[in-house]
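Asker: What follows is the residue order along each chain.
Number of protein chains: 2
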Amino acid sequence: MQSDRIRFQSYKDKVISAQDAALFFKDKMTIGTSGFTKAGDSKAVLPAFAERAKSETIGITLITGASLGHTTDADLANNNALYKRMPFQVDATLRKKINEGKVLFIDQHLSETAELLENKHLPKIDIAVIEATYIDENGNVIPTTSVGNSATFAHAADKIIIEINTSIPFEFKGIHDIYISKNYPNRDVLNITAADERIGTDYITIDPDKVIGIVFTEIPDSPAQVTAIDPKTAAIANHLLAFFENEIKEGRLTKSLMPLQAGIGKVANAVMSGFAKGNFENLVMYSEVLQDSTFELIDSGKLDFASASSVTVSENCYKHILDNFEKYKDKILLRPQTISNSAEVIRRLGVIAINTAIEFDIYGNVNSTHISGTKMMNGIGGSGDFARNAYLSIFVTQSSSKEYNAISHVLPMVSHVDHTEHDVDILITEQGIADLRGLAPRERAKVIIENCTHPEYKDELSNYFNRACLRGGHTPHILEEAFKLHSRYIETGSMKQNCSVELPLH
Amino acid sequence: MQSDRIRFQSYKDKVISAQDAALFFKDKMTIGTSGFTKAGDSKAVLPAFAERAKSETIGITLITGASLGHTTDADLANNNALYKRMPFQVDATLRKKINEGKVLFIDQHLSETAELLENKHLPKIDIAVIEATYIDENGNVIPTTSVGNSATFAHAADKIIIEINTSIPFEFKGIHDIYISKNYPNRDVLNITAADERIGTDYITIDPDKVIGIVFTEIPDSPAQVTAIDPKTAAIANHLLAFFENEIKEGRLTKSLMPLQAGIGKVANAVMSGFAKGNFENLVMYSEVLQDSTFELIDSGKLDFASASSVTVSENCYKHILDNFEKYKDKILLRPQTISNSAEVIRRLGVIAINTAIEFDIYGNVNSTHISGTKMMNGIGGSGDFARNAYLSIFVTQSSSKEYNAISHVLPMVSHVDHTEHDVDILITEQGIADLRGLAPRERAKVIIENCTHPEYKDELSNYFNRACLRGGHTPHILEEAFKLHSRYIETGSMKQNCSVELPLH
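For the record, the sequence lines run as chains A and B. Number 352 in UniProt numbering belongs to position 352 of the first sequence; there are no gaps in the numbering. Number 356 in UniProt numbering belongs to position 356 of the second sequence; there are no gaps in the numbering.
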């Protein structure tokens, strides 16, 4: 079994336990590990290190592709094993530690971490931990369900630990396209002009002298949680599909649209699933993550090809993929996140970017990361990489949430800006769609308030906008009231005016 | 004279007066004109249209490359001839009309206007007005001191008016590199891997059937105002130059740095001039505007090549350039702003972006456009195009301004975000430099407050940060106080606490 997975002669004696591998970590080291949206993460070495940190005072800077699966980030945070963490996370325990100031988090565009490392704007990676399907005859690594930053970590690290995951079938060989740009000043063209174009190898090149250990595991990825489509997400999806149908009617798009990117989560999944029903054909994706809906769309014959940096699917979907791998193999491609999220390629292909907002404001600024301007949720992820360079930059969210619509997601001013008014084309809630193309701020405010706001907040937002206009300005604001709804929520538990009257006692 | 300038036979009878040309404009038309940072703008047709609008109710949507020179924008605004204006302006009168809500302004990334037009996300251009040095034998246009969006306007417009400027010498032929990408889905690679690489023609292709008139003018560009370097700008320049010298010492940069972009204005000019004194060599620029400092650096032998979209210089410098044109001709190149500001090229070349902020906050967010979050100053221009994809994204501003330092330019929260914390690497004021690379928000706040803030505001910002940290959060804020300094300025004329005590009566 092991000899099948290690085909490079001089690695045969490098197999060690996860516990021994974790002993290579020293206090204050910078560790780079594979893992992107829970896929292809370290399931043996990082957990063993978290366990070690239970009884030892030791902390690292941990850089990943994106989020990790299982309880790894939680265990590391609980055992105070994280000094600094970047570029993305989705773990509730780690989030709490970040917001307490106990773990320093850097919220980065997913395309940029590798750039910063190669340009030496971040500390050097001491040890890289790379998940592999197997090691080929030349010592190169065949990745698993994600590529993330693994190729850059392997290139930039002093030492490498390879984590071979025997739950991944050998058939995964071939679905990756690995390419690392040369360092400055010899940076080259990324010669991708279609989502299915390959520019690299199907393995990660490894310097054998760097490899200090090979660890075996058979733990599969954490499955994606697939939640049923609720009426709000269905309404958002329907607004978006109607928008696309109108764009086709107006001659701006064809039935194959443009390459699609969709963020993670139930809205994105609902939207993507919706394409199966609509009058679309020969769709392609150029995205970060392939989710259940990607494979449903391939099955329905609507989607011709999907490029991303990871496959993050439910347990059922994963089983379905493995059972039908030959069908999907030539329709998907996993790339390093520097390529999947590259400004150059996104602009050249003309990607339609569909991402989820936490809140947006009446002028079209979007907050994707912070609750009340202060508490980190997950991170910006790749939303900025795509929104900034997209053919169309679309953000979706529900207009309100919580019992009695205590939170409005449309606000006078967002409490944190991740996507500026300059970069947002279309906003959608279950209430409707605001097409901001060609609109000045005062025009945008009217459309956003009218089309996207929950009815219970429409009057207050209109009132704010009208009073702000009396003060004048290109982007009229009343600064001392700009965060009034946020403050009211903190004070009363609801953003609504006079909420104490409206809320029943309970 | 005229026959030298019109070498295409069938254009000979198309010469008309500016007044007649302006009669082609109809109410609510969309007009695209050349002009980028005051260079190469329409000096005959637009002013004639402004004059016509004095006695007629007529308004247009005016799209340019960037700012116009002379009093054109002011005259158009004063005569209510502008319905909508994009993507940039610097005129005091127009600014006032925008902030009164009388002219609708769209503040766009300079790289994007042409994209939006070609993708039909903006209304079609009815008439393009293109300034030309001359028209060649095939009817093509040799541009003048800027390229801006002229090539796209000529391509996308229904009709074209060519404005031949006889003040521009024939020698300008050859300094332009015109390339328009094919429309989606046939977008191609921008094959520029060095600032001096050419990918296009040295003329703008014109469809002769679109040409409805040719107008002659001999009015030169508005000269750039060059202000003397004051102690604050000198201090900012010195901090930046010391930073670069340290980057060289640390081995991250060589003496030729990386291609440089610098915004407009005295700080940028001071910084660029500073390179002449430092230990730098074989510099290149990949920027938007070539200013006086560019030609000084060429003269000093430090700068090998400069690519941009316009030449905007003082009267003396312009004369100097014309007198020595052979010396400069093979060292400069003017490109369409889709190329000079292209994300793809900026990232590939690894541009160092140096831009001016209006204000920045303790977490590294930058406001480049709005006074008190409400009033438009000029616009984002190309700063976002460069900052977002730069090798290093640097923003400079003075720490305080006005008498008694009534305004702090370092604030708890910026009142408008143009460049998010994700996109800002280095902040500099005359007080010092904050190197934000690899820092989490709480770390950034300490460095920014300590190094960049004016001493009179340090205590209040530290106090805000410390109290915010007690509330917790990844990016600690006290939302109800976040704009307290802005509000205090509006109320008292100073951002300082107890300013009524400190300000003498006068």
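One should not assume that every hint holds.
A pair counts as met if it fits within one copy or between any two copies, since identical chains are not told apart.
Stated by the list, open to error - Straight-line Cα separation of at most 30 Å, DSBU-like style, residue types lysine-lysine; simulated pairs: (1) Lys329 - Lys484; (2) Lys446 - Lys484; (3) Lys28 - Lys277; (4) Lys331 - Lys249; (5) Lys12 - Lys26; (6) Lys458 - Lys159; (7) Lys484 - Lys458; (8) Lys120 - Lys302; (9) Lys458 - Lys26; (10) Lys266 - Lys319.
These aren't lab readings, by the way, just hints derived from the structure by calculation.
Asker: Take the hints in turn and mark each one as holding or not.
Answerer: Verification of the supplied hints:
1. Lys329 - Lys484: neither (52 Å within a copy, 57 Å between copies)
2. Lys446 - Lys484: both (20 Å within a copy, 28 Å between copies)
3. Lys28 - Lys277: Neither: 52 Å inside a copy, 40 Å across copies.
4. Lys331 - Lys249: Classified as within; 29 Å inside a copy, 48 Å across copies.
5. Lys12 - Lys26: Answer is within: at 25 Å inside a copy they meet the 30 Å cutoff, but 79 Å across does not.
6. Lys458 - Lys159: Neither: 57 Å inside a copy, 43 Å across copies.
7. Lys484 - Lys458: both (15 Å within a copy, 27 Å between copies)
8. Lys120 - Lys302: between (43 Å within a copy, 26 Å between copies)
9. Lys458 - Lys26: Neither, since 55 Å and 38 Å both go past 30 Å.
10. Lys266 - Lys319: For lysine 266 and lysine 319, the Cα distance is within 30 Å only inside one copy (20 Å; across copies 63 Å).
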